Amino acid sequence: MEFTALFLAVTIVMLVAWLGRRSLALALFAVVFLASIATYLHHATDTLKLSF
Amino acid sequence: MTRALAVTFNALSLYAVALVLAAAFAAQLLLHELPCPLCLLQRIQFALLAIGPILNVRFGPRPSHYALSLLAAVAGAAFSTRQILLHILPGDAGYGTALLGYHYYTWALIGFAAAIVLLAAILLCDRQFEPDTATTQAPPGAFATSAVCLVIVLTALNVVSTLLECGFGPCADNPTVYELLKRGT
Numbered sequence: 001m002e003f004t005a006l007f008l009a010v011t012i013v014m015l016v017a018w019l020g021r022r023s024l025a026l027a028l029f030a031v032v033f034l035a036s037i038a039t040y041l042h043h044a045t046d047t048l049k050l051s052f
Numbered sequence: 001m002t003r004a005l006a007v008t009f010n011a012l013s014l015y016a017v018a019l020v021l022a023a024a025f026a027a028q029l030l031l032h033e034l035p036c037p038l039c040l041l042q043r044i045q046f047a048l049l050a051i052g053p054i055l056n057v058r059f060g061p062r063p064s065h066y067a068l069s070l071l072a073a074v075a076g077a078a079f080s081t082r083q084i085l086l087h088i089l090p091g092d093a094g095y096g097t098a099l100l101g102y103h104y105y106t107w108a109l110i111g112f113a114a115a116i117v118l119l120a121a122i123l124l125c126d127r128q129f130e131p132d133t134a135t136t137q138a139p140p141g142a143f144a145t146s147a148v149c150l151v152i153v154l155t156a157l158n159v160v161s162t163l164l165e166c167g168f169g170p171c172a173d174n175p176t177v178y179e180l181l182k183r184g185t
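For the record, the sequence lines run as chains A and B.
Yeah, the first sequence ends on 52 if you go by my numbering, and it's all consecutive.
Yeah, the second sequence ends on 185 if you go by my numbering, and it's all consecutive.
A hint or two may mislead.
Below, computed lysine to any residue pairings styled on SDA-like, alpha-carbon distance capped at 25 Å [claimed, not checked]:
#1 K182(B) <-> H43(A)
#2 K182(B) <-> M1(A)
#3 K182(B) <-> L8(A)
Hints were generated in silico from the structure; no laboratory data involved.
Treat the numbers as computed from the prediction; the structure is a model and nothing was measured.
Generate coordinates for the entire structure from the input sequences, incorporating the hints supplied.
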């Protein structure tokens with residue numbers, strides 16, 4: 001569900017960037033970007049099978 | 001590089017992002033390979049990569065617009081690197097089908113790395129940031145407008161596709177069926 005929400009949010013940011021105010025688009029980009037990083041950190045729980 | 005040429009390059013970059021999103025859709029629909037959570041995150045970063053060029057087409061080229069794309073490309077490169085490392089051990093077949101010898105996440109890393117290099121290269125051109133001599137900025141042409149619409153439509157299609165795949169719950173690590181269609185049958 002979180003990925004659907006992220007895609008929807010990106011679509012909204014694109015529409016704002018194209019049709020709306022620049023400052024709002026920049027602010028929304030920051031929110032969506034941070035949300036995508038948070039989603040990544042939430043899902044990146046598998047241990048990497050690396051040894052050095 | 002003039003502002004007009006920079007806007008044309010930005011429109012071309014939007015077509016490139018559209019091509020990546022369309023290719024991901026093609027693999028999903030033709031090969032019936034559903035994207036995993038990390039794959040979806042990489043698609044999201046490709047879509048975020050397009051916001052800088054959209055702003056450049058609409059408001060004219062600015063370094064801050066390129067910075068947005070750089071941030072998205074670096075995050076996307078980090079996500080795809082992690083997925084490569086998850087499948088790096090000998091004997092691991094990787095996730096999904098390989099295309100021309102590389103899995104999609106490896107191609108994604110190549111794409112994000114190429115985007116970083118291209119963004120750095122275009123940032124070297126200072127003339128695009130000089131104020132336009134015309135009193136009002138010309139509206140975007142059909143070429144650029146089509147590119148923007150194409151990327152927005154493809155991203156919106158990903159909303160539908162991801163909703164069908166994941167349903168209203170968390171996405172499966174190795175998805176094999178569309179959750180929402182399964183519930184309907």
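**Asked** Which of the listed hints are not met by the structure?
**Response** Violated hints: none; all satisfied.
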